[in-house]
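> Residue numbers (our numbering), protein chains in the order written: chain A, 1 to 252; chain B, 253 to 374.
Calculated from the structure, these hints are not laboratory results.
As the structure is a prediction and not an experimental result, all values here were calculated from the model.
Warning: the hint list may mix true and false statements.
Listed below are the simulated DMTMM-like cross-link pairs for lysine to aspartate or glutamate, each with C-alpha atoms no more than 20 Å apart in a straight line [stated by the list, open to error]:
| id | chain 1 | residue 1 | chain 2 | residue 2 |
| --- | --- | --- | --- | --- |
| 1 | B | K328 | B | D268 |
| 2 | B | K307 | A | E170 |
| 3 | B | K307 | B | E324 |
| 4 | A | K174 | B | D308 |
| 5 | A | K174 | B | D265 |
| 6 | A | K174 | B | E310 |
| 7 | A | K121 | B | D352 |
| 8 | A | K121 | B | D283 |
| 9 | A | K121 | B | E310 |
| 10 | A | K121 | B | E287 |
| 11 | A | K212 | A | E187 |
| 12 | A | K174 | B | E287 |
FRET-style restraints, in silico, Cβ to Cβ [unchecked claim]:
| id | chain 1 | residue 1 | chain 2 | residue 2 | range |
| --- | --- | --- | --- | --- | --- |
| 13 | B | S288 | A | I207 | 36 to 46 Å |
| 14 | B | T273 | A | I105 | 46 to 56 Å |
| 15 | A | I97 | B | K307 | 57 to 67 Å |
| 16 | B | G327 | A | P148 | 36 to 46 Å |
| 17 | B | K307 | A | I105 | 26 to 36 Å |
| 18 | B | K307 | A | A201 | 40 to 50 Å |
| 19 | B | L326 | A | A114 | 24 to 34 Å |
| 20 | A | L236 | B | E329 | 23 to 33 Å |
| 21 | A | I193 | B | L326 | 33 to 43 Å |
| 22 | A | E102 | B | R314 | 27 to 37 Å |
| 23 | A | A147 | B | G327 | 53 to 63 Å |
To give a feel for the contact side, a few chain B residues facing chain A, derived at Cβ under 7 Å [to be verified]:
| id | residue |
| --- | --- |
| 24 | V296 |
| 25 | S332 |
| 26 | E336 |
Where a beta carbon is used, it is the ideal one built from N, C-alpha and C, also for glycine.
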Amino acid sequence: MKRHDDEKKGLILGGTCELALCLAPMLIAKEIVPVLTFRSEEGQRRIEEKLAPYAGHYETVRLDLNDTASIEAFFSRTSSSCDFLVDFAQSDYEAFIAGADESRIYSYFMENVAARAVFLKHVTRAMLGRRRGRLVYVSSSAAERPAPGQGFYSAAKLASEALYRNCGLEMAGKGITSVILRAGYVEAGRGRIFLETRPDAVKQVPIGRALKAGEVAETILFLLGPAAEGINATVLTMDGGLCAGKIGLLKA
Amino acid sequence: MDIIDTLRELITDIMDVEGETITEETYLVRDLGAESIDLLELSVSINHAFQITVKDDELYLRNFRLYIVEAERLGKEPVSYLAERFPFLATGRIAEILADLEVGPAIKIKDLVRYIVYRRED
Numbered sequence: 001m002k003r004h005d006d007e008k009k010g011l012i013l014g015g016t017c018e019l020a021l022c023l024a025p026m027l028i029a030k031e032i033v034p035v036l037t038f039r040s041e042e043g044q045r046r047i048e049e050k051l052a053p054y055a056g057h058y059e060t061v062r063l064d065l066n067d068t069a070s071i072e073a074f075f076s077r078t079s080s081s082c083d084f085l086v087d088f089a090q091s092d093y094e095a096f097i098a099g100a101d102e103s104r105i106y107s108y109f110m111e112n113v114a115a116r117a118v119f120l121k122h123v124t125r126a127m128l129g130r131r132r133g134r135l136v137y138v139s140s141s142a143a144e145r146p147a148p149g150q151g152f153y154s155a156a157k158l159a160s161e162a163l164y165r166n167c168g169l170e171m172a173g174k175g176i177t178s179v180i181l182r183a184g185y186v187e188a189g190r191g192r193i194f195l196e197t198r199p200d201a202v203k204q205v206p207i208g209r210a211l212k213a214g215e216v217a218e219t220i221l222f223l224l225g226p227a228a229e230g231i232n233a234t235v236l237t238m239d240g241g242l243c244a245g246k247i248g249l250l251k252a
Numbered sequence: 253m254d255i256i257d258t259l260r261e262l263i264t265d266i267m268d269v270e271g272e273t274i275t276e277e278t279y280l281v282r283d284l285g286a287e288s289i290d291l292l293e294l295s296v297s298i299n300h301a302f303q304i305t306v307k308d309d310e311l312y313l314r315n316f317r318l319y320i321v322e323a324e325r326l327g328k329e330p331v332s333y334l335a336e337r338f339p340f341l342a343t344g345r346i347a348e349i350l351a352d353l354e355v356g357p358a359i360k361i362k363d364l365v366r367y368i369v370y371r372r373e374d
């Protein structure tokens, strides 16, 4: 691929997850350079293994929301500006509110909400310098319909959704827009593990199946395109109808 | 190119104003009609153009009124109290702002110039 200064670049936060690794080749096919973030050497190896056929067509960078130094280091690089951001990053913490570890509560929200806000501040300021940018935050249907034990995950997702929504609200006049995609059951990553242990869960989904990683990635690709610019500062739900009806009452 | 010329370029690029109307005495908000998002873009542009770290709250004197109240509460003399918080402003300029504050946002182009000089020396 021809590499030049004005090539289109997209930052993928949480670049080691299955959805990110599914999206990356789609971006490369459109001559966009994905910049995938990783948190550990293991994550970097995972990217390199999965994207081996595309070597030279993507970049990787260490960026850990749990490590503010890595955020600062990333944004001190001159090449840190990007045309868009797709944010998959989210660590998990399942616990009942009444049973949660208190130090874990603080660190969880520090990483998944406060650090994300700092990260977004830097990203949007970089985009503002170029007067263009698109932000796609990949949320979850658990934001709206958490299971018992998912209170922290849900709260962090909802808070992050609010941050992204406001970015689109505040900066659309300067060419920076945002959209939140709430995905339902997806056959990828944590979703796959969950579905393996709870195969009956998909019976609650009106379309009768979980989403494929490729379907979600295709949707993100559309949301990154010019035709989707009008979809700004809002939440889209892609869950096969999961959250639309009453649970357990799908059949009349 | 000196600081004021660069600022003129940045401001005209961001806002729909004529560069020649901008002097050191021009009010950023009152005269030029800068809105919050313009101020944000301006701080990013200043950061890039002058290669300085910009703290928006400092640059735009955001907590100025809060510090006045704080000084009163603590029984401190307001000008020197504000001078500690905005070290890039001369005490004479702070007194000027205090007298001008009731009319509206008092920040002028010369305050931006002072901030840039201060940050460069930092």
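> Now tell me if each hint is right for this structure.
Structure-based check of each hint:
1. B:K328 - B:D268: violated (41 Å)
2. B:K307 - A:E170: Status holds; Cα separation ~19 Å.
3. B:K307 - B:E324: The given pair, whose Cα atoms are some 25 Å apart, is violated under the 20 Å limit.
4. A:K174 - B:D308: holds (18 Å)
5. A:K174 - B:D265: Distance of about 12 Å is within 20 Å: holds.
6. A:K174 - B:E310: Violated, at about 23 Å.
7. A:K121 - B:D352: violated (32 Å)
8. A:K121 - B:D283: It is violated: about 28 Å lies between the C-alpha atoms, which goes past 20 Å.
9. A:K121 - B:E310: Measuring from Cα to Cα gives roughly 17 Å; hence the hint holds.
10. A:K121 - B:E287: Distance ~18 Å between K121 (chain A) and E287 (chain B) Cα, so the pair holds.
11. A:K212 - A:E187: Holds, at roughly 5 Å.
12. A:K174 - B:E287: Holds, because 12 Å separates the two Cα atoms, which is no more than 20 Å.
13. B:S288 - A:I207: 36 to 46 Å: holds (43 Å)
14. B:T273 - A:I105: 46 to 56 Å: holds (54 Å)
15. A:I97 - B:K307: 57 to 67 Å: Violated, since I97 (chain A) and K307 (chain B) (Cβ atoms, about 37 Å apart) do not stay within the stated range.
16. B:G327 - A:P148: 36 to 46 Å: violated (54 Å)
17. B:K307 - A:I105: 26 to 36 Å: holds (30 Å)
18. B:K307 - A:A201: 40 to 50 Å: This hint holds: roughly 48 Å between Cβ atoms.
19. B:L326 - A:A114: 24 to 34 Å: Since L326 (chain B) and A114 (chain A) have Cβ atoms about 30 Å apart, the given range 24 to 34 Å holds.
20. A:L236 - B:E329: 23 to 33 Å: Taking Cβ atoms as reference, L236 (chain A) and E329 (chain B) lie about 56 Å apart, which means the hint is violated.
21. A:I193 - B:L326: 33 to 43 Å: Since I193 (chain A) and L326 (chain B) have Cβ atoms about 57 Å apart, the given range 33 to 43 Å is violated.
22. A:E102 - B:R314: 27 to 37 Å: holds (34 Å)
23. A:A147 - B:G327: 53 to 63 Å: holds (56 Å)
24. V296: Where the cut-off is 7 Å and the nearest Cβ of chain A is about 5 Å from V296 (chain B), the hint holds.
25. S332: violated (32 Å)
26. E336: violated (27 Å)
Of the numbered hints listed earlier, those contradicted by the structure are 1, 3, 6, 7, 8, 15, 16, 20, 21, 25 and 26.
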